[in-house]
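Required output: the full structure, derived from the provided sequences and hints.
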Amino acid sequence: MVIMSTLINAIVCMAVVFAVLIVLMLFISVMSKLMKKEEAPAPAAASAAPAQAPMAARGSCGEVKLFDVPDKTAAQLMAITADKLGKPLNTLRFVSIKEVK
Amino acid sequence: MKILDVLQKLWETSGIAQIAAQFSSDGVLQLIMIALACVLLYLGIVKKFEPLLLVGIAFGMLLTNLPLSGVFTPEYWNTAGDIDYAEVLRHGGLLDILYIGVKTGLYPSLIFLGVGAMTDFGPMIANPKSMLMGAGAQFGISFALVMAIPFFAPEVAASIAIIGGADGPTAIWLTKTLAPHMLAPIAIAAYSYMALIPLIQPPIMKLMTTKKERGIKMEQLRPVSKTEKIVFPIMVTIVTCLVLPSVAPLLGCLMLGNLLKECGVTDRLSDTAQNNLMNIVTIFLSVSVGATARYDTFLKTDTLLIIVLGLTAFCFATFGGLLVGKIMCKLSGGKINPLIGSAGVSAVPMAARVSQSVGQKANPSNFLLMHAMGPNVAGVIGSAVAAGFLLAVFGG
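Going down the list, the protein sequences come from chains R and Z.
Heads up: the first sequence begins at 0 in numbering that gives the first Met the number 0, then just goes up one per residue.
Heads up: the second sequence begins at 0 in numbering that gives the first Met the number 0, then just goes up one per residue.
These are calculated hints, taken from the structure and not from any lab test.
Incorrect hints may appear among the rest.
[Unchecked claim] The calculated label-pair distances, taken between Cβ atoms and stated as ranges, are:
#1 L88(Z) - V99(R): 27 to 35 Å
#2 S331(Z) - E38(R): 42 to 50 Å
#3 K299(Z) - L6(R): 22 to 30 Å
#4 L6(R) - E86(Z): 37 to 45 Å
#5 A16(Z) - E98(R): 36 to 44 Å
#6 V1(R) - E86(Z): 30 to 38 Å
#7 C262(Z) - T72(R): 22 to 30 Å
#8 V242(Z) - G85(R): 42 to 50 Å
#9 E218(Z) - N89(R): 22 to 30 Å
#10 V242(Z) - V68(R): 23 to 31 Å
#11 T209(Z) - D67(R): 20 to 28 Å
#12 V38(Z) - T72(R): 32 to 40 Å
#13 G85(R) - Y41(Z): 33 to 41 Å
#14 V68(R) - A34(Z): 34 to 42 Å
Computed from a prediction, not measured in an experiment: that's the story for all the values here.
Every residue, glycine too, gets a C-beta built ideally from N, C-alpha and C.
Written as structure tokens, this is what we have:
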């Protein structure tokens, strides 16, 4: 009898967890849709000033692949390397950064 | 003559004399616990198994099992009636006073505050479907509950089951209310299995998935706006606390910590929650939990059973997450890598890292870490919800 009631409790427990997380999932979906609608006019505004985009890209050093390295650490490593080499960071190209374990 | 009296008195009041006098009964058990504490210290310091917690737990265990130290008095806490906190403050040992924070549920909630401040919910907001995997991974809790009930009282079984949530603070928070006398073995089992995730999960992950599935590359997650990140913790608090008010201290603190991080106007508070407060509470929590592992309550067959049931809960939690991951992989036409399902067992971010490393072994160009963080943080919420449910049902 105790096992039976525990089994029911276990099933209800799973059901409650699923229900709460599904409700949250739906909330997030609705919220992100509402946010997208609000942000929709933004691209139009951006296209009005196309000359600004290449300026931002010019300072980039390309894509860096990170292996088990947080963004902050990677940024610090790149800055230190550029400083030691005495060259501007945007003239260096980092291919990947990997933590040696 | 006087010197001899002084030496005799010194001998009589020493712990060595106490152990020698009771060697045939309690003395040997105390020595076993001291040795066990040293083994745990070794695992924490040398093998680096969850050292931030295990070192404190092991040291608390060492202190409490040294005879006549008086740092912890189980008699204050194992009473049927209300605890006399005034008496604890007047005559209790150091660890008795620290233990008030465990007993009142203060430390687990403050740990959750720090966890919230350190966690990025962005991957979960970007891919809300990943929450289903976090829910699926709570299967271990339900399974262990059913498995434990033939051996233990329902309250104890519920406390053991929560080990499957792979969430130390949640396990402590639930156990201190439902089965305080079992706090030490349950907390130690929960933290030990969290530390052993890289050993426990990969075989189950490989068993349940094909190499092709493990090699699936997932699309990059969409960027999440700041507004979404600010609204999310507020929304989760309202929804979960309306459904399960008992979980408010845990999830409320988790979401408050996250709000401090994301709102952008409380950087100092977020920094304190992530670092100083978290470190202070971790010391208090670990040492006082370790202090409950006294020889007379810990060295029992129940402890072994808890360790076995905890491992079962953990394995089935991984199984549940992977199962939902596989279903979602099929339904999405192979766009979701089922390995991220195993990260639903909480244990942030260790479980997500295991998903990443197993996925990368199957396909070196695979980057699952951020995708796995979705089910991972959903697992934290899921295990807190499960704990709230168990508290509501078995809490009397």
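Going through the hints against the structure:
{"no.": "1", "hint": "L88(Z) - V99(R): 27 to 35 Å", "verdict": "violated, 51 Å"}
{"no.": "2", "hint": "S331(Z) - E38(R): 42 to 50 Å", "verdict": "violated, 26 Å"}
{"no.": "3", "hint": "K299(Z) - L6(R): 22 to 30 Å", "verdict": "holds, 27 Å"}
{"no.": "4", "hint": "L6(R) - E86(Z): 37 to 45 Å", "verdict": "holds, 42 Å"}
{"no.": "5", "hint": "A16(Z) - E98(R): 36 to 44 Å", "verdict": "violated, 52 Å"}
{"no.": "6", "hint": "V1(R) - E86(Z): 30 to 38 Å", "verdict": "holds, 36 Å"}
{"no.": "7", "hint": "C262(Z) - T72(R): 22 to 30 Å", "verdict": "holds, 25 Å"}
{"no.": "8", "hint": "V242(Z) - G85(R): 42 to 50 Å", "verdict": "violated, 59 Å"}
{"no.": "9", "hint": "E218(Z) - N89(R): 22 to 30 Å", "verdict": "holds, 29 Å"}
{"no.": "10", "hint": "V242(Z) - V68(R): 23 to 31 Å", "verdict": "violated, 39 Å"}
{"no.": "11", "hint": "T209(Z) - D67(R): 20 to 28 Å", "verdict": "holds, 25 Å"}
{"no.": "12", "hint": "V38(Z) - T72(R): 32 to 40 Å", "verdict": "holds, 34 Å"}
{"no.": "13", "hint": "G85(R) - Y41(Z): 33 to 41 Å", "verdict": "violated, 47 Å"}
{"no.": "14", "hint": "V68(R) - A34(Z): 34 to 42 Å", "verdict": "holds, 40 Å"}
Figure legend: structure checked against the earlier numbered hints; hints not met, in rising order: 1, 2, 5, 8, 10 and 13.
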